[in-house]
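Asks: Just so you know, the sequences run in chain order Y and U. Mapping to our numbering: the first sequence position 22 is 253, numbers consecutive. Mapping to our numbering: the second sequence position 146 is 377, numbers consecutive.
A couple of the hints might just be wrong.
What the hints assert, rightly or not - Straight-line alpha carbon distances no greater than 20 angstroms define the calculated DMTMM-like cross-link-like pairs of lysine to aspartate or glutamate that follow:
1. K292(U) with E579(Y)
2. K234(U) with D248(U)
3. K532(Y) with D545(Y)
4. K265(U) with E507(U)
5. K562(Y) with D261(Y)
6. K292(Y) with E507(U)
7. K233(Y) with D410(U)
8. K551(U) with E541(U)
9. K562(U) with E579(U)
10. K233(Y) with D248(Y)
11. K292(U) with D261(Y)
12. K233(U) with D433(Y)
13. K233(U) with D362(Y)
14. K292(U) with D366(Y)
Unchecked claim - Pulled from the structure, derived: some chain Y residues nowhere near chain U, Cβ distances all over 12 angstroms:
15. N269
16. G319
17. G354
18. L412
19. A461
20. A487
21. K532
22. R553
23. N592
By construction, these hints were calculated from the structure, which means they are not laboratory data. C-beta atoms are modelled at their ideal positions from N, C-alpha and C, and glycine is treated no differently.
There are 2 protein chains.
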Amino acid sequence: MKKNFDALSRARAHIQDLHAYVPGEQPQGDGWVKLNTNENPYPPSTRVAEAVAAEVANLRKYPEPTSARLRAAIGERYGLTGQNVIIGNGSDNILDLITRCFVSEPGAGHTVPSYSLYPVVAGMSGQGLVDVDFDRSMTLDVAALAATQAKVFFLTNPNAPTGVAFPQRQIEAALQAIDGLLVVDEAYVDFGGESAASLLQDYENLIVVRTFSKSYSLAGMRVGFALASATVIAVLDRVRDAYNVDRIAQAAALAAFEDTDYFEAQRQKVMATRAETRAALDGFGWFTYPSATNFLFTEPKNAAGESGPEVAADLFDYLKARRVLVRYFPKHPLTCAFIRVTIGTDAEMQAFLTASQSWLNNA
Amino acid sequence: MKKNFDALSRARAHIQDLHAYVPGEQPQGDGWVKLNTNENPYPPSTRVAEAVAAEVANLRKYPEPTSARLRAAIGERYGLTGQNVIIGNGSDNILDLITRCFVSEPGAGHTVPSYSLYPVVAGMSGQGLVDVDFDRSMTLDVAALAATQAKVFFLTNPNAPTGVAFPQRQIEAALQAIDGLLVVDEAYVDFGGESAASLLQDYENLIVVRTFSKSYSLAGMRVGFALASATVIAVLDRVRDAYNVDRIAQAAALAAFEDTDYFEAQRQKVMATRAETRAALDGFGWFTYPSATNFLFTEPKNAAGESGPEVAADLFDYLKARRVLVRYFPKHPLTCAFIRVTIGTDAEMQAFLTASQSWLNNA
């Protein structure tokens, strides 16, 4: 070696302190009932495959840099224009753009628990986080939210990992109360939440973030979008990579977005399966938060009627040993006694319920 | 409006000052001979379409977050491992990661002229640029480069927009001379340059950046990569979006990368066409830099034997009026008397040469 370079010590100070986001486990091998990362159990619209195949012929050429057709289609759907829309390489990309543009002291605001990426994107920009803690009632404390004085507050609605949706009047109250931007992260809203998009007419301090990963079955394609005032979008565009969304992603997302019949049918199917699964969990006597998402957050009780972190961890391990993978968040008092179960196909949910019943019988 | 929000004034100071990157023009309508954005005139390997079609069935699921297979394949090709490789959503994404991790006062170093994205990514992170100016000889001044004391120096090799390649011994001299990181941006190296990748064995302060956009004909797919020490890559991974490269992009890039016969044939074809085009420009009596890229940078002379900014601009306009689109960079004394012409198909180059001859005849 003619020249050494100690990369970590030469990185910027906030990078040295950074902890990377840990995505959900992607198990290797076959035979898994995978209910841990909130993927849609159904494939995307068949129009996606057609659109992708048609676009392959154009891959030697750069994409349209602004995703103009997709922006226009999305804007029109929400009674807005393409100037009110930005497309990201996944909604994570958009959360990063928002942070880079607008977050400064005292850091980004967020609720605890919520999406664990917010601390990561804040840290990537050298910013901290200001927490607003939920209690078990999962009531949104609008005054606490405003008191953070965060320049940007990230609010996941419906919440993850609990699945609880906050009513529109609370979102509006938050928009009234805060001085900065409210980012309403609606990754799961299509499964029963009420979108804040209609509030964009009245509130320039609102950004609504959406994704094609869940309700459009395109997690593998990385397309998200945000709706906001044209001036907010124009600022975000300043830090967007000029070609941040590739040709195939633009074409696939547009095809999925325009197949509204398929979208509606799959969404209803997931919600119906959720209702059946929830009824079965109620039958076990487990507390489960009301869900407006494609997952259920449930507090298992063992045969002795006990709940708590050890019980939840035991069920998680029991299920995993039987190749049923759910998600367990041990680190927070509000989550450590629960497991989060993605809504899969009816057969997958039956496998989960059968294994859970077996755990109950064997406890 | 119940709440106004003046987004620009509320953005962070460095964002308010930011000027967005201006990509090359993408003309609307048919009939254009498009020689302005250095796209490959030939489509990607037919294996790409097969790989893409196979991957569509998996789009409901998240991608493998680290692009592990692609990293391993690239690492092996260069006598390295997957830990020496990072995959980006285009190489622009990687330039941004490098900047976020390592650039601080006095800003990023770069040569002038070179890739106009460097000032943009530096500005996105609130950092400035330190210039090292070329003169017409396009000789690399290694001492000037070291004297910038930049924590990161971006060196495009071969240079854009001139096409000039710098010899390996100068790259090594730069690695010796500087204290920080040297980023050798080899977007065009497959068209006749010498890669610095072999220097990675000896220099931990080297990052080699590559793209699938040019030599692999995948500009529309957005895949780039960097080669560096495992410790440098591990730092860059800290600010990489967990799912920055989608399933189809990973599959398409791997298929293109593995079809080495096709890659070699297309690369040779572009270089042969370049030699023929260059000979024709020599026949016009125009000065053209030696090119190790898929473009030529030439200084047109009109029929009266005059050259200069007005002559170059006149030729650019004349060609554009005839739907032959090349690139003109009016803002720098070293570029303003030149046009940059991408190497297209033989027919496209003939159209360019015929129109240029017509311009000469009509001047």
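Asks: If you test the structure against every hint from before, which numbers come out violated?
Replies: 2, 5, 6, 9, 10, 13, 14, 15, 16, 17, 18, 19, 20
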